[in-house]
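Please build the complex by placing chains Y and G on the supplied structure of chain L, with the hints as guidance.
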Amino acid sequence: MRDFWKRYCRNRGALIGLLILTLVILIAILAPLLFPQSPWKMVQRPFLPPFSQGDLLLGTDAVGRDVMAGLAHGAYVSLLVGLVSTIVALAIGVPIGASAGYFAGRVDDALMRFTEFFQTIPSFALAIVLLATFQPSLTFVIIAIAIVSWPPVARLVRGEVLSLRTREFIEAATLSGLGNLQIITRHILPNALPPIIVLASLMVAQAILLESSLSFLGLGDPNIMSWGYMIGAARTVIREQWWLSFIPGMAILLTVLALNLIGEGLNDALNPRLTRKSK
Amino acid sequence: MTRFILGRLVKSVFILLAILILNFFLIHAAPGDPAAVMAGEAGAADEKFLADLRAQFGLDQPLYVQLWIYLKGAVQLDLGFSFRQQMPVADLIWNRLPATLLLTGAAFVLSLVLGVIAGVAASARQGTWGDTVISTLALLFYATPLFWVALMAVVVFSVWLGWLPGFGFETIGAGYTGFARALDIGRHLILPATTLGLFFMAIYTRMTRASMLEVSRLDFVKTARAKGLRHGVIQRRHVLRNALLPVITLAGLQAGQVFGGAVLTETVFAWPGIGRLMFEAINQRDYNVILGVFFVSAAMVLLFNLITDVIYVFVDPRIRLTE
Amino acid sequence: MSLLSIRDLTIALPEGADRDHAARDISFDLAPGEILCIVGESGSGKSMSANAVMGLLPEGVTPVSGRIDFDGRDILGLSEKEMLALRGSRISMIFQEPLSALNPLMRIGAQIEEVFEAHGALSGAERHEQALRLLTEVGIPDPQVTIRAYPFQLSGGQRQRVMIAMALALEPDILIADEPTTALDVTTQAQILELIENLRRKRNMAVIFITHDFGVVADIADRVIVMQTGEIVETGSADEVLLHPQHPYTNALIEAIPRLTGDHSGGRGDTGEPVLSVEGLCKTFSTGSGKFFGKRRVVDAVQDASFHLYKGETIGIVGESGSGKSTLGRCIVRLLAPSKGRVLLEGEDIAHMPGAELRERRRRIQMIFQDPFSSLNPRSRVSRILTEGPIAYGATPGDARKRAGELLELVGLDASAMSRFPHEFSGGQRQRIGIARALALDPAIVIADEAVSALDVSIQAQVLDLLADLKARLNLSMLFITHDLRVAARICDRIIVMQKGRIIETGPADKVLRDPDTDYTRSLLDAIPGQDYERALAGAG
Chain L
1 MRDFWKRYCR
11 NRGALIGLLI
21 LTLVILIAIL
31 APLLFPQSPW
41 KMVQRPFLPP
51 FSQGDLLLGT
61 DAVGRDVMAG
71 LAHGAYVSLL
81 VGLVSTIVAL
91 AIGVPIGASA
101 GYFAGRVDDA
111 LMRFTEFFQT
121 IPSFALAIVL
131 LATFQPSLTF
141 VIIAIAIVSW
151 PPVARLVRGE
161 VLSLRTREFI
171 EAATLSGLGN
181 LQIITRHILP
191 NALPPIIVLA
201 SLMVAQAILL
211 ESSLSFLGLG
221 DPNIMSWGYM
231 IGAARTVIRE
241 QWWLSFIPGM
251 AILLTVLALN
261 LIGEGLNDAL
271 NPRLTRKSK
Chain Y
280 MTRFILGRLV
290 KSVFILLAIL
300 ILNFFLIHAA
310 PGDPAAVMAG
320 EAGAADEKFL
330 ADLRAQFGLD
340 QPLYVQLWIY
350 LKGAVQLDLG
360 FSFRQQMPVA
370 DLIWNRLPAT
380 LLLTGAAFVL
390 SLVLGVIAGV
400 AASARQGTWG
410 DTVISTLALL
420 FYATPLFWVA
430 LMAVVVFSVW
440 LGWLPGFGFE
450 TIGAGYTGFA
460 RALDIGRHLI
470 LPATTLGLFF
480 MAIYTRMTRA
490 SMLEVSRLDF
500 VKTARAKGLR
510 HGVIQRRHVL
520 RNALLPVITL
530 AGLQAGQVFG
540 GAVLTETVFA
550 WPGIGRLMFE
560 AINQRDYNVI
570 LGVFFVSAAM
580 VLLFNLITDV
590 IYVFVDPRIR
600 LTE
Chain G
603 MSLLSIRDLT
613 IALPEGADRD
623 HAARDISFDL
633 APGEILCIVG
643 ESGSGKSMSA
653 NAVMGLLPEG
663 VTPVSGRIDF
673 DGRDILGLSE
683 KEMLALRGSR
693 ISMIFQEPLS
703 ALNPLMRIGA
713 QIEEVFEAHG
723 ALSGAERHEQ
733 ALRLLTEVGI
743 PDPQVTIRAY
753 PFQLSGGQRQ
763 RVMIAMALAL
773 EPDILIADEP
783 TTALDVTTQA
793 QILELIENLR
803 RKRNMAVIFI
813 THDFGVVADI
823 ADRVIVMQTG
833 EIVETGSADE
843 VLLHPQHPYT
853 NALIEAIPRL
863 TGDHSGGRGD
873 TGEPVLSVEG
883 LCKTFSTGSG
893 KFFGKRRVVD
903 AVQDASFHLY
913 KGETIGIVGE
923 SGSGKSTLGR
933 CIVRLLAPSK
943 GRVLLEGEDI
953 AHMPGAELRE
963 RRRRIQMIFQ
973 DPFSSLNPRS
983 RVSRILTEGP
993 IAYGATPGDA
1003 RKRAGELLEL
1013 VGLDASAMSR
1023 FPHEFSGGQR
1033 QRIGIARALA
1043 LDPAIVIADE
1053 AVSALDVSIQ
1063 AQVLDLLADL
1073 KARLNLSMLF
1083 ITHDLRVAAR
1093 ICDRIIVMQK
1103 GRIIETGPAD
1113 KVLRDPDTDY
1123 TRSLLDAIPG
1133 QDYERALAGA
1143 G
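For the record, the sequence lines run as chains L, Y and G.
For the record, in the first sequence the residue sitting at position 26 is 26 according to the numbering used here, with numbers rising by one throughout.
For the record, in the second sequence the residue sitting at position 265 is 544 according to the numbering used here, with numbers rising by one throughout.
For the record, in the third sequence the residue sitting at position 408 is 1010 according to the numbering used here, with numbers rising by one throughout.
Don't take each hint at face value.
[To be verified] A short list of chain Y residues far from chain G (calculated; beta carbon distances all over 10 Å):
id : residue
1  : Tyr343
2  : Leu346
3  : Tyr349
4  : Leu380
5  : Val392
6  : Arg404
7  : Ser437
8  : Ala459
9  : Gly507
10 : Leu585
[Stated by the list, open to error] Examples of chain G residues lying across from chain Y (beta carbon under 10 Å, computed):
id : residue
11 : Leu658
12 : Leu701
13 : Pro706
14 : Ala720
15 : Phe909
Please keep in mind that the hints were generated in silico from the structure rather than gathered at the bench.
All residues carry an ideal CB built from backbone N, CA and C; glycine is no exception.
Just chain L, same shape as in the assembly (with noise of 0.2 Å):
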């Protein structure tokens, strides 16, 4: 565990990551205790530019909503969605690839046909029709996105298992008598947790891009403040009030970024033998 967050640390850009990272789930997690009030409430006139209140630090949008309250409950959202979605894709990904891999023949042909079909069907318009299908609440958002999003881990699970199913250690477990369950609990899943651990950072990220597109399409769940909404909502009026669309574009940018950062300093430190150079 020491040497693991050594390795972690050496990384610059992993440190950076898992700080602003910090910064955002604090954010998250103070917001109802900051912003008390309905970030939907109007407190002021609209279009207020940021930093010309006091109070206000961000200004208004277009109906006079406190635009720091929105990036507050907006960041709880995303990390929830995005958090939530990642469990629910590990939670059908993780079996199918691993089955898929462990029992190999016509098991792994049926199951690969299938992740093989969600993967090739463009997730995105899939994830729409989806949300058109039933009603956008947040729960169908998670679930819309966790649906488009658990090929990859199939995929990832089943090549791990593959790999490690033919390794002697995994023979001599068979020969100690231990079961099929036991075999890939024990020996296999442990084994191919690091790039697991690293991808499913890598989704975190990917879910709260998909949970803004959605959003910004008029797709999220219209009771609830999103960064991905505030966008959408500010884009009719783009060319005037223009930082009502990059401000929480800042904190998309900033807090995917940061998750791929962690992303790629989990990845050095649990797989050590990588960036080490070559004998």
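Just chains Y and G now, kept in the frame of chain L:
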């Protein structure tokens, strides 16, 4: 090799069929009367139209009969009728498809060419400031929401600097023809194609860089050095060709994403393609159009995949000669 | 006059490596037309010294002092451009892995012609002609076809011939061969050695031959350098070093070479009931699903294999790669499902036994694996590796731990090993842990699949001794799968020879190794390197 391509074609047909079946079940899974769903949720459709729909799709008949009717129609490229636009969905899409193909095609080529060049340049300068700059930019563009880049591009290059048109396919009412029209469309294309391409360029840059570095460590590169070949020749002939294989695979996988990006880009730039059509349909709850665009975009993606497969086969003799 | 002269060469390793120097104070000379063998175990620095001559050291590894004189100039002082002119034309190199050493996307012909191109020699048509001539010279059966082929279409031996053709293209003064036969089967190895020997004679080319195998050294070397942990411990003519080694390390290495000749008591078998009987075992693999235009390929990996294994007996199953010997082993323990036939383990047929029942039986038959690095879960402590099996079969954790401690002692490791992870051990120690794991379930039969192939020769000898000792003490029966007849000779009572999936010869080790019935076994025996040397040693001792 023909066998490989044929196999892929058959697979594509199956995927399209599966998407149609998925569409069919989505119509039935949506809350409310399927006829009303197909007509659009706004309740704008009149009773007669709904009755026609029910008769046409046999909505009073068992589910499998309905599925059969639906599939038969779709195979004949009947994707339903848009009550909102008073036009068959297939016609709507057909009119808008060329603009989307132009945009996605341009963005795809741009991102692949520039991405590979940037990736090669970064790997050649591994560890220097040049590498750091390219890698950092790639990381930034990878982390930026596409629609936001598009909006900012409009603000900077169209509103502030006034260099390029910020929306539309061509100058309306200018009446350009021939080369002048092509030039006009080209000017309109620059911003959307670049913003759409940037995200993918970032991906290809990162992939190419990593792949070049990895291939450089392989044994045959050492053999090439032992032959006394110059560094440039080794990089070009031995490293690059092998490093491109995973990039081509990735490009095929990304084809679907390019279309997703097109929905956002076309929305921001008012580009009259099927992505914009989908956005309009979302706002108007024009469900048939949404499903139609979904189906056609999947077909487009399969076409892109097929093209990358063919390229792959030509680059890698192992597939060409064994399958 | 020497062609190449190396003086006090020291090569530094990058920081964080397990020692400071890959090689220290290396000095030797190479005469025109001589074959100089550099011998040593892994990590001895033998490859690094040769790579330094080519200027092809890995990143971070640099020569820090000394000089390499070739043609009156110090190579270490040459510019990259001057080095380019030398590489491939005056000094060439071939490598261990002939598959990965060739560019998979380029035709063979183009890869050979490239050498001429790199040095601006010949015109396009002449290059093609020369490539064809070279392929003929290195004994490629159908040069006209091969010149248009891609590497993946050739066998390992053919690929190495192509590498040699490439290295010879511009008639270099020196050929550096870095373990060129290690990845090849023994018969192919013999052919490649002969080819190098012939070419050397014909062209009066000097060869630096790097190897770990003293048999190969005995067959090919004029002079020998023995290296240990980066330093030269002994230099001399082949006869001097091989027959009258001065340094104790050289002595130990030579002692450790497994010998064909020796004592095969072998009379133990054929008493009572066999513990294992294999009857008509077949295994067929099919690749490609056959659906969607994919072509279905069927490989008969094992065909109609039958034999008995008796209590306390060791049977060696030998064969070249692709002979089906490992598949046979895996079918017997049911890691693979046999396609046909019976496997009678203590009288019960386990060939098609379903899961739960199989599990009960299988503890009686355990396996030792080839690769000491992939056979232990990198994330499990040794204690878990050794106790997991017994616990799965109902032992209490306490008993299992106690037994694990005893087992470690039995295989010659300290009990403190229990709490450590596999990466903290050397290859030989890991293999001991693997043996302890196999014994943890008190099996009647142990199958050792190439169990010593990945080990250095001195470690190999220790592990073989351990296995022989355990076998006798625990009255185990053993199937010893190996490609190396010398290893089989050392430990086996009977030997089964496999070729292309079939058992072609079975008999007492003595008989099979001295007077085989089939031509194939004869050719395997003939191909073993260093036989004259072995006889000379036997005669002297």
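Give me the numbers of the hints this structure contradicts, sorted from smallest to largest. Violated hints: 9 and 15; rest satisfied.
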